[in-house]
Structure formats: C-alpha cells, structure tokens
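Please model the complete structure; the sequences and the hints are all you need to start from.
In order, the protein sequences belong to chains X and G.
In terms of our numbering, the first sequence is residues 1 to 330.
In terms of our numbering, the second sequence is residues 1 to 344.
Simulated from the structure, these hints should not be mistaken for lab results.
Be aware that a few hints might be false.
[Claimed, not checked] Listed next, the in silico DMTMM-like pairs over lysine to aspartate or glutamate satisfying Cα-Cα at most 20 Å (straight line): (1) Lys323(X) to Asp226(G); (2) Lys198(G) to Glu209(G); (3) Lys98(G) to Asp134(G); (4) Lys323(X) to Glu227(G); (5) Lys155(G) to Glu191(X); (6) Lys323(X) to Asp190(X); (7) Lys155(G) to Asp190(X); (8) Lys323(X) to Glu178(G); (9) Lys144(G) to Asp89(G); (10) Lys210(G) to Glu178(G); (11) Lys135(G) to Glu191(X); (12) Lys220(G) to Glu178(G); (13) Lys98(G) to Asp88(G); (14) Lys308(G) to Glu288(G); (15) Lys144(G) to Asp82(G); (16) Lys210(G) to Asp226(G).
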Amino acid sequence: MDFISILSDAARGMFGPEAAIYALAAVGLNVHFGYTGLLNFGQVAFMLVGAYGVAVSVATWGLPLGVGVLIGIGCAVVLALVLGIPTLRLRGDYLAIATIAAGEILRYFYRSSYAQPLTGGVYGLRQFADGFYNLNPFTGTSYGFGAFTFSARSLWIMVVGWSLTVLCSLLVWLLIHAPWGRVLRAVREDELAARSLGKNVYGFKLQSLVLGGIIGALAGSLLAINVQSVQPDSYNPVVTFYLYAIVILGGASRIWGPVLGSVIFWFVVTFLDSFLRAATSSGLIPSSIIEGSDVGAVRFAFVGLGLMLLMIFKPAGILGNRKELRLDVR
Amino acid sequence: MSDEHSRPGDHRADDATVPAVPPADGNGAELTEQLDPGQLGEHDEVEEREEALEAAAAMKGSSAAAKSLEGVAAEPGSRKPDPILVADDVSRRFGGLKAVDVSHLEVQRGTITALIGPNGAGKSTFFNLVSGFDKPNTGTWSFKGTDLTGMSAYKIARLGMVRTFQLTKALMRLTTLENVMLGATGQRGEHFLPAIFKPSWSGQEADNEKRADELLERFKLTHMRDEFAGTMSGGQRKLLEMARAMMVRPSLIMLDEPMAGVNPALTQSLLGHIQALRDEGTTIVLVEHDMDVIMSISDWIICFAEGKVIAEGTPADIRSNQAVIDAYLGTSRALPADEKEPSP
Numbered sequence: 001m002d003f004i005s006i007l008s009d010a011a012r013g014m015f016g017p018e019a020a021i022y023a024l025a026a027v028g029l030n031v032h033f034g035y036t037g038l039l040n041f042g043q044v045a046f047m048l049v050g051a052y053g054v055a056v057s058v059a060t061w062g063l064p065l066g067v068g069v070l071i072g073i074g075c076a077v078v079l080a081l082v083l084g085i086p087t088l089r090l091r092g093d094y095l096a097i098a099t100i101a102a103g104e105i106l107r108y109f110y111r112s113s114y115a116q117p118l119t120g121g122v123y124g125l126r127q128f129a130d131g132f133y134n135l136n137p138f139t140g141t142s143y144g145f146g147a148f149t150f151s152a153r154s155l156w157i158m159v160v161g162w163s164l165t166v167l168c169s170l171l172v173w174l175l176i177h178a179p180w181g182r183v184l185r186a187v188r189e190d191e192l193a194a195r196s197l198g199k200n201v202y203g204f205k206l207q208s209l210v211l212g213g214i215i216g217a218l219a220g221s222l223l224a225i226n227v228q229s230v231q232p233d234s235y236n237p238v239v240t241f242y243l244y245a246i247v248i249l250g251g252a253s254r255i256w257g258p259v260l261g262s263v264i265f266w267f268v269v270t271f272l273d274s275f276l277r278a279a280t281s282s283g284l285i286p287s288s289i290i291e292g293s294d295v296g297a298v299r300f301a302f303v304g305l306g307l308m309l310l311m312i313f314k315p316a317g318i319l320g321n322r323k324e325l326r327l328d329v330r
Numbered sequence: 001m002s003d004e005h006s007r008p009g010d011h012r013a014d015d016a017t018v019p020a021v022p023p024a025d026g027n028g029a030e031l032t033e034q035l036d037p038g039q040l041g042e043h044d045e046v047e048e049r050e051e052a053l054e055a056a057a058a059m060k061g062s063s064a065a066a067k068s069l070e071g072v073a074a075e076p077g078s079r080k081p082d083p084i085l086v087a088d089d090v091s092r093r094f095g096g097l098k099a100v101d102v103s104h105l106e107v108q109r110g111t112i113t114a115l116i117g118p119n120g121a122g123k124s125t126f127f128n129l130v131s132g133f134d135k136p137n138t139g140t141w142s143f144k145g146t147d148l149t150g151m152s153a154y155k156i157a158r159l160g161m162v163r164t165f166q167l168t169k170a171l172m173r174l175t176t177l178e179n180v181m182l183g184a185t186g187q188r189g190e191h192f193l194p195a196i197f198k199p200s201w202s203g204q205e206a207d208n209e210k211r212a213d214e215l216l217e218r219f220k221l222t223h224m225r226d227e228f229a230g231t232m233s234g235g236q237r238k239l240l241e242m243a244r245a246m247m248v249r250p251s252l253i254m255l256d257e258p259m260a261g262v263n264p265a266l267t268q269s270l271l272g273h274i275q276a277l278r279d280e281g282t283t284i285v286l287v288e289h290d291m292d293v294i295m296s297i298s299d300w301i302i303c304f305a306e307g308k309v310i311a312e313g314t315p316a317d318i319r320s321n322q323a324v325i326d327a328y329l330g331t332s333r334a335l336p337a338d339e340k341e342p343s344p
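Structure follows, in structure tokens:
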C-alpha cells in the first residue's frame, strides 16, 4: 500500500471541485437550517433546478451559459416561493415534508418522458459547458507539486467554486451580522416572540428560503458544469443528507462551518475510498470481507458511522459552541 | 460590558434600586429627555406621550388613573371617557365551546386594567384575539381609533400594542442585548438590501443600542447584557420580556400572567416596574391570578367567566361584587369594603 498516494488523493479530494460545490450548497442550507431554523430537506431540489437551468438553456435552447446560470437562479426563486408560500405559515415539520417531497417530484418530472424533449429524460444532457471552459485562463497541463496536482480544467472550476463559496459566505456574514440576521435568528428561536415584537416572520422565512435556494442553485449549476452533464438520478435525496452532514460537522449557524465541514467530509470520503481500494487490491482486507466493488458503498457507511459518533461526542460540530447548543433544551 | 453605562444624563439607576415605589419627581423631565424627537421620527407620538407625561406629572400615578375612571359605571361593558382599546362582539368558538363571547369592552388609556377570572374563562384567548395571534369567529376591535379587525399580529405590534406570553419566550441563543434590540421598530437594517451596507443602518443601530442599554439598566439586567438569554433564570426572563416589549415603544402593553412562577421579592420589583410604566403614560392590560397583586395595583378590573365579561369595576367594586365572588374569588376574598385600595 502506498500511503503517500492515498493521502494525496485525500488532499486532492478535500480541495477539489466537489468539495467546493458541496461547500457552496451547504452555505445555502446553513442559511435555512442554521440561521432560520427551517428544516429544508430538499436542498438538492434547488441544486437540480440550478443544474438544469444551465443544461437546458445551453443544450436545448442554445443560449449562452451565463444566461443559463441566471435561468437556474430564477427557477430557484420560483421554487422557493412555490414551496414557501403554502408551507411557511405552518409548523417547521411541514416544510421538511414538503421540501423532501418537492425534491423527489422534481427529479421524477425532469426524468419523465414528458419532459424528455427539454431535459433529455433519463439520459440527461451533456456537453453544454464549453462556454465555461473556453474562459479558462489556465493553459498548462498540470498544477501543483508531487502527487498533489490538478489539471488546468479542475483548477479553473476550483478557483471559481471556492471564490463563489467565499463570496457567498461573506454575503451571509454581512446579512447575519445586520439587524436582518438578528430577526432571522429570533425566528429560529421563537416565531411567536418575533411576531409579538412586530416582525413579519413569514416574510423573513421566505427571504431566507429564497437566499439559501439561490446559493443552492449556484452550486447545482457548478456541479453540472463540472461534469459537463446532468442526469436526474444524481440529484436524489441523499445529496441533501450529505449537505446536512457537512453543515453539522462544521457547525451549524457558523459562517465557516459549511466550508470546513465540506473540506473534512471530502477528505474523509476520498481517504476511505483510496484506502479501501488499496487495501482490498493488496489483500490487506480479504475479499471475503469487502470486495473492491463494494468500496463506493462502504465509504459512505463509514461517513454515516462518523456522523453518529459526531452527534454523540461533539453535537455542536467543530466550530460550534457546546454551551450555546445546550440552551436549545426547552 | 460597554462603557456607555456611565453616560451623563442617565438617571435610571435611581429608579431601578427602588422599583416598588414609583419615582416621586423628575419623572416627566426624565422621560422627555429619553424621547429624542429626531430619533423617533413620529412627532405625533412624541407629542402624545409628552401630553400624557404632563398629565401624569400633574396627577401622580394611580390617583390620576383613578380620577380618569371617576364616574365610570361598574358594570360589564361600561363606557370609558378615553378608551385606547375598544372591542365589540368578539367571539371565538373551539368546536362546540364558545371560549370568548365579549359583547363590548373598553380599556381606559393610562390605566392598569386587570383581567381576572377562573381558568378557562377566556382571558388568554381574548388576549390572543385582540393581539392578532388568533382569529375570532366574529367581532371588531380597534386600538387608538384604528380598526384592527383581521390585522396580522406583527402589524398590531408595530401600531404600539405589544403583548407578552404566559410561558416566557426568551430568545435563548440571542444575547440579552440582542433580545432587547430586536424590539426596536422601523429598523432599516432589517430590509434585505440595506442590511448588506452597514453604513445605511449603523447610526440607527447605535441609537437603538443606547436605548436598549437604558432599558437593561432600568430592569436591572445590565450584568447579563452579553450573555445568552437561555442562561437566565425564570424571573430574569420575565424582566427581559418586559424590557423587550418596551423597546417597541408601546402605548398599550398586554402582560399575560407576568407574575406566574416568580418569587415574592421579584414580584414586588415587577409590580414596581408595571406601575412605573403606567405612570409614564403606558396603558397596561394584564391577566393575573394572584389576587393580592391584582387588588394592589389595578386601577380597573374586568372579570371574565365562561367567555363573557361578568363584572367590571375598581378593586373595591369587584371585591364586593356577588357575581365575582360566586364565579371566582370565593367568600374568603370578599373582604369588607373598608380595606381600601392600597396606595402604591
């Protein structure tokens, strides 16, 4: 087993395009869950509309990619309003049910044969992101040192992805430290109290849903651009749960929680992937226990186990304040 | 802690140390000083408060309130000379049960009006209805002449009618200061786009922080300023809720069982705060079960039973009212009329 190459795989995973994209989507989820207390179990739906906004605009309609991103954002706003207007007046649990259902409805709709002329149905769409890669300022073959190298293509999407993540985090920071964010956190703590002080709770929840949804749609667009294809079944509910794992791991209602959470999450996932593959192929772990083909599933089983341990021993996450968390008990 | 507490012109500490006794003098001047017209923006409100203050200075505290209620008939639904809240035919059904059925009710401006009655009499439900937290089946009600029927709770609060809750609602993971500052109305920084540009709201925020600090000092919570509200004791939360409600600059504050679960010493202090608010011109409506409290601070008492107003009057009237004795007080509370309303 080559530990250097396993570690460099893990290091590439923690800063790679996927980590940036998941961090961005988790920043949006943190606005919902961490700051407003909205149980949005359908963040993947916002990613889906963002991704297909780009894919359909470019591949089906032949529009420029930038317009596609804007269309994706527009779809996210519409989705947030459609989801929020009927459900945000109700208790938080209803939003959870509505969002998880909405994610599934959208996924089945986008893969239906009815929508196939537009979305490509189950086959999805591909090769729509050339407009993005044509702008790539990096022209070399590889960047980095030793085994820690990225192709020019990956580097370009990483730069864009992490920049967007930092920009969105700064935007959230500005908003949360303004009176606007104070109302949001008050809504999280007690809606009735906020309402009794003259705050339009419903309006604030809707604003929060839209903001987090737009950030999720940006992440979705970037995900589609990264792999140059969209396929409905890659937007299944489990993505949302990875995002929850990331937010909780880093620390909910912490500005840099989702970013740190994503970096650690992807380090662990790629490390396990590399390690298990090396261990099974070298015979360190006999194939009677784990086969090479099981590795993809086993690594996520370990992620689940890790999340359970985290909840038991460090429930506030890495950046969280345990004292603050304890106050939640009413 | 900030260094702002040593600011000149801050006379609050004196009041706070003897809360059970309303300040005997300097009260009007002090409040006028607190109300900076430029900061308020609503000059009518300032004038209104100033007029109220002048009136209060002329006739102190409960005697002023008592005088304003002179000649008001002690009967259910009686008309008041200067009502701030008027409700007509307000009813609320829960299934077959008519929880509230109030044909007419008025609350006199500048008084402490207590709602009493057995559990399930509809006092809290009535609170919820008029504050917009529940929708009545029938009825209209108005506040300072504005029709509130069907208005959302947050809009009612912005008009200056603020309520507290029976189960205290401290915003646990916000600091004490943040809890109070949340109450300020018309904050520019609460709008999405201005929130991003700090210079557009930082001046207003500083003013609000100053006022919040004054309120914290008044309610003796300054030492908790930067602590999470979740770390407070039950009594401190009651004080916090009152301070937070005052931050809205209400002209009517509705307190739902403010003394529930509070120790006797703190009850005295809360009573002092409530009377001081009344003396500054704020109208107070409270639901309370502690009859000693009710009898000692109320200017007017409205008794509910089975959703209806069965009696109204001064504490002395209520004590001798047979309907109230039968429905609520029981004979042991029916004291002879010679034990007059204690002066605060």
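Hints, one by one, checked against the model:
For the given pair, lysine 323(X) sits about 14 Å from aspartate 226(G) by alpha-carbon distance, which is consistent with the 20 Å threshold. Distance restraint check for lysine 198(G) and glutamate 209(G): the Cα-Cα separation of roughly 15 Å lies within the 20 Å cut-off, and the hinted pair is therefore satisfied. About 14 Å separates the Cα atoms of lysine 98(G) and aspartate 134(G), which keeps this hinted pair within 20 Å; it holds. With a C-alpha separation of about 11 Å, the suggested pair lysine 323(X) and glutamate 227(G) falls inside the 20 Å cut-off, and the hint holds.
Restraint check for lysine 155(G) and glutamate 191(X): satisfied, since their Cα atoms lie roughly 15 Å apart, inside the 20 Å limit. Distance hint between lysine 323(X) and aspartate 190(X) is fulfilled; the C-alpha atoms sit about 19 Å from each other, no more than 20 Å. Between lysine 155(G) and aspartate 190(X) the alpha-carbon distance is near 18 Å, which keeps this suggested pair within the 20 Å criterion. Pair hint lysine 323(X) plus glutamate 178(G) holds up; C-alpha atoms about 18 Å apart against a cutoff of 20 Å.
A hinted pair counts as satisfied when its Cα atoms are at most 20 Å apart, and lysine 144(G) with aspartate 89(G) qualifies at roughly 18 Å. Restraint check for lysine 210(G) and glutamate 178(G): the C-alpha separation of about 12 Å stays at or below 20 Å, so the hint holds. Proximity of lysine 135(G) to glutamate 191(X) is assessed by CA-CA distance (about 17 Å); at most 20 Å being required, the pair is judged to hold. With a C-alpha separation of about 16 Å, the suggested pair lysine 220(G) and glutamate 178(G) falls inside the 20 Å cut-off, and the hint holds.
Taking the CA atoms of lysine 98(G) and aspartate 88(G), the gap is near 16 Å; set against the 20 Å cutoff, the hint holds. Restraint check: the Cα-Cα separation between lysine 308(G) and glutamate 288(G) comes to about 17 Å, which is no more than 20 Å; the hinted pair holds. Of the supplied pair hints, the one linking lysine 144(G) and aspartate 82(G) holds, its CA atoms being roughly 10 Å apart against a limit of 20 Å. Taken as a hint, the lysine 210(G) and aspartate 226(G) pair is honoured in the structure, with Cα atoms around 14 Å apart against an allowance of 20 Å.
Going through the hint list in order, the structure satisfies each hint without exception.
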